[in-house]
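Colleague: So the protein lines, in turn, are chains R and S.
Per the UniProt record's numbering, the first sequence starts with residue 1, numbered consecutively.
Per the UniProt record's numbering, the second sequence starts with residue 1, numbered consecutively.
Please keep in mind that the hints were generated in silico from the structure rather than gathered at the bench.
Backbone N, C-alpha and C define an ideal beta-carbon position, used for all residues, glycine too.
Fair warning: there could be bad hints in the mix.
[Claimed, not checked] Facing chain R, according to a computed beta carbon distance under 7 angstroms, are these residues of chain S, among others: (1) Lys72; (2) Ala75; (3) His76; (4) Val82; (5) Phe84; (6) Ala88; (7) Phe90; (8) Phe101; (9) Pro102; (10) Met105; (11) Gly109; (12) Thr230; (13) Trp340.
[To be verified] Beyond 12 angstroms from chain S on every Cβ pair, some chain R residues (computed): (14) Ala40; (15) Ala72; (16) Leu80; (17) Met81; (18) Leu99; (19) Val107; (20) Val133; (21) Tyr136; (22) Ala137; (23) Tyr197; (24) Ala201; (25) Leu204; (26) Ala206; (27) Asp259.
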Amino acid sequence: MNETSSLQGADGVPRPGGTTAAAGLLRALLKGPLPLYLPAALFLLAFFIVPLGYVVVMSLTEPRPGLGNFTALLGSRHFLMVLLQTLQTAALVTVCALLLGYPLAYVAAGPARRLGGVLLGVIALSFWTSFLVRTYAWMVIFGRQGPLSHWLASLGWRPPPSLLFTSTGATVAMTHAMVPFMVMAVYAVMKRIDERYVRAAQSLGAHPLRAFALVYLPLSLPGVVNGCTLVFITTLGFYVMPVLLGSPNQQMISGVIGDQIEQVLDFGAASAMSVILLLVVLALFWLYHRFVGLDRLWSR
Amino acid sequence: MPARSLSLHHVVKRYDNLQPAVDGVSLQIEPGEFVSFLGPSGSGKTTTLMMIAGFQQPTSGDIHLAGRTIDKMPAHARNIGVVFQNYALFPHMSVADNVGFPLRMRGLGKAEKHRKVGAALEMVGLGALAARKPAQLSGGQQQRVALARALVFEPDLILLDEPLGALDKNMREHMQVELKRIHRELGVTMVYVTHDQTEAMTMSDRIAVFNQGRIEQIAAPQDMYLRPATRFVASFIGDNNLISATALGAGRYSVAELGPLQACDLALADGSPVDLLLRPEMIRLAGDQPPCATLRIDSAVNYGDSVLAIGRVGATPLRVRIPGPQARDLRAGQEVPLHWHASDIHVIPAARA
Ligand SMILES: Nc1ncnc2c1ncn2[C@@H]1O[C@H](COP(=O)(O)OP(=O)(O)O)[C@@H](O)[C@H]1O
Ligand SMILES: [Mg+2]
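Using the sequences provided together with the hints, build the complete structure.
Modeller: The structure is reproduced here in structure tokens:
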């Protein structure tokens, strides 16, 4: 996992439970005995809070003090398009990860234990494979000479399309990266749904499909909300995959921030973009907290 | 409510290659009967119930409801009400929606549904709580909702899996009475799973005692108590003295160290091994009558209304329950003469090893 962005947390590693860890830490900070949380608190302060504060300061002072960076960005059609594009892509990845992940989690949490174990194993395997390795693997698969093109050509699609450097390709790869998070968030909730609920529904006359729709699905919704929150927020900050696989004309916000720093050396604008992304994420967390409760991210 | 018969014919359930969970169960339950499945944990009660409800397929054998086989019928088409262990109330639905669920599945109109839900909740004494969520109810109230939900659609049969297991003692006794009242009022056939022998004894028309996937005996509570068919049933139901003995013919049995005992004559071959069952409350202090044996008391437990004297006759351990005032002076270390009637000893032919 080498995905890093200026905003995806000091540890730079999005993982299931990351948000809980944050909520748990918050609680521990408020209640726990000092010696237990002091190391973590110092670490976060030094490597997360301080740099983040520095970014905020830069956004307000570079090249000169004031809100100039923000007014310029919010007045820029290009930036707003990038922001919209990023939100759209994150939403698409979230929906795709849910459509793929929900059935997977359903089977994995079901009564067929061996099959469930194999599925979870395969998911964990792709999860443990280095992020960069997976990104390069996608570059090979999507490449003009890659297996996907060959396969499409053999189906009679000429000239075969290449997904490399398209936003579709980046979306597919990001979905692949996010499915494990979705599966684990949904699985954690499904595993606790007593099979007796569905049986009760059936004994009361509900066809299995109806029992699923009226009982199992609603009971699994907390997992869906958790998984979607996790995937959506993580995807907003994706950097490596959209930059290496995506279309240069349809960048996501992290890529644009990177360009600002590496190519234009405009630290003020880059910081302001980061702050705006941070505000979007915080707003999402606030919504989540408002309607679900941060402390209930993993419990019902 | 319609009352239906239920019968199981040589039903076997094997989960894997080990010992079957249910090993050839046959029984016939009459319309309107209240039958308990009683047995220790792991004896196959729940599995049998789940096969009747349609959530497990029997490995072999078949099940008839009202004379028709239901082997091929999916669970949702069986019209059987089930009260699950821990109730399985839908946590995201109100009490009224829980109880209305089976009516909704049957496409009932709003008005009729409302009326029936109200009546069912009245029946279990919860009319005022229709709008609550299950989590806002006490254990006893959840239990009642589960019961209302299982009977509101007038099922052919109601199955209850240890429904009172999670309740405290007072609540449990209260609910036992309630359940029996509801059974009487509705006349519906009920199968009730429990591992609590008192519960089975007080509520059932008949009890089926399960052990290791088999039914050891099925009988009315009093018959079961007085004439258990096997050593297992005798030891599982009620307090007991089980004494290994050998038949001597003509109703006499020899007990090592105790000498010959007179009991009823089962016309067993001389030398057949038997178990003699002598319930502790059948034994009296001898008084003026000729003593049958002398008990050396090791400990005396006072229950207020009676005293349980635990001791030995020779080397044979014996429990004796003496009621009322005459028991007050019993102390550990005493030797007391005992009397019983030969007819109070129940003879169980020992299973051949
Ligand atoms: N789904 C299952 N898979 C495998 N074995 C099971 C399953 N359900 C029950 N068993 C086994 O079958 C036996 C009977 O269980 P059960 O019917 O639940 O007993 P009871 O309800 O009398 O406690 C037990 O040994 C139990 O371990
Ligand atoms: Mg059970």
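Colleague: Would you mind marking each hint as holding or not holding in the structure?
Modeller: For each hint, the structure was consulted:
Here the hint on Lys72 (chain S) is broken, as its CB sits about 15 angstroms from the closest CB of chain R, past 7 angstroms. Because the smallest distance between the Cβ of Ala75 (chain S) and any Cβ of chain R comes to about 4 angstroms, under 7 angstroms, the interface hint for this residue holds. A hinted interface residue such as His76 (chain S) counts as satisfied when its beta carbon comes closer than 7 angstroms to some beta carbon of chain R; here the least separation is about 5 angstroms, so the hint holds. For Val82 (chain S), the suggested interface contact is upheld, since its CB lies about 4 angstroms from the closest CB of chain R, less than 7 angstroms.
Taking 7 angstroms as the C-beta contact cut-off toward chain R, the hint placing Phe84 (chain S) at the interface holds, the least distance being around 5 angstroms. A least Cβ separation of about 4 angstroms between Ala88 (chain S) and chain R falls short of the 7 angstroms threshold, and the interface hint therefore holds. Interface hint status for Phe90 (chain S): upheld, as the beta-carbon distance to the closest one in chain R is roughly 6 angstroms, under 7 angstroms. Evaluation of the Phe101 (chain S) hint against chain R yields a held restraint, the C-beta minimum of about 5 angstroms falling below 7 angstroms.
Among the interface hints, the one on Pro102 (chain S) holds; its C-beta lies about 4 angstroms from the nearest C-beta in chain R, closer than the 7 angstroms criterion. About 4 angstroms separates the beta-carbon of Met105 (chain S) from the nearest beta-carbon of chain R, less than 7 angstroms, and the hint is met. Contact between Gly109 (chain S) and chain R, as hinted, is not supported at the beta carbon level, the nearest pair being about 16 angstroms apart and thus beyond 7 angstroms. Interface hint at Thr230 (chain S): violated, since its Cβ lies 33 angstroms from the closest Cβ of chain R, which is beyond the 7 angstroms cut-off.
With a cut of 7 angstroms, the hint placing Trp340 (chain S) at the interface with chain R is violated, because the nearest CB-to-CB distance is about 48 angstroms. With a minimum CB-CB distance of about 34 angstroms to chain S, Ala40 (chain R) clears the 12 angstroms threshold, and the non-interface call stands. Every CB of chain S lies more than 12 angstroms from the CB of Ala72 (chain R), the least distance being 48 angstroms, so the non-interface label holds. Interface exclusion of Leu80 (chain R) from chain S stands, the closest Cβ pair being 40 angstroms apart, more than 12 angstroms.
Listed as a non-interface residue, Met81 (chain R) keeps its Cβ farther than 12 angstroms from every Cβ of chain S; the least gap is roughly 41 angstroms. No beta-carbon of chain S is positioned within 12 angstroms of the beta-carbon of Leu99 (chain R); the least distance is around 23 angstroms. With a least beta-carbon separation of about 19 angstroms from chain S, Val107 (chain R) lies farther than 12 angstroms from that chain, consistent with its non-interface assignment. Look at Val133 (chain R): its CB is around 41 angstroms from the nearest CB on chain S, clear of 12 angstroms, so calling it non-interface holds up.
For Tyr136 (chain R), the non-interface assignment is confirmed: its Cβ lies about 45 angstroms from the closest Cβ of chain S, beyond the 12 angstroms cut-off. Even its closest Cβ contact with chain S, about 40 angstroms, leaves Ala137 (chain R) beyond 12 angstroms, as expected for a residue assigned away from the interface. Not every CB of chain S lies more than 12 angstroms from the CB of Tyr197 (chain R), the least distance being 5 angstroms, so the non-interface label is violated. Listed as a non-interface residue, Ala201 (chain R) fails to keep its Cβ farther than 12 angstroms from every Cβ of chain S; the least gap is roughly 7 angstroms.
Not every CB of chain S lies more than 12 angstroms from the CB of Leu204 (chain R), the least distance being 4 angstroms, so the non-interface label is violated. At roughly 5 angstroms, the least C-beta separation between Ala206 (chain R) and chain S is not larger than 12 angstroms, which violates its mark as non-interface. A cut-off of 12 angstroms between C-beta atoms confirms that Asp259 (chain R) is not in contact with chain S; the least separation is 47 angstroms.
Taken one by one, the earlier hints fail for this structure at numbers 1, 11, 12, 13, 23, 24, 25, 26, listed in ascending order.
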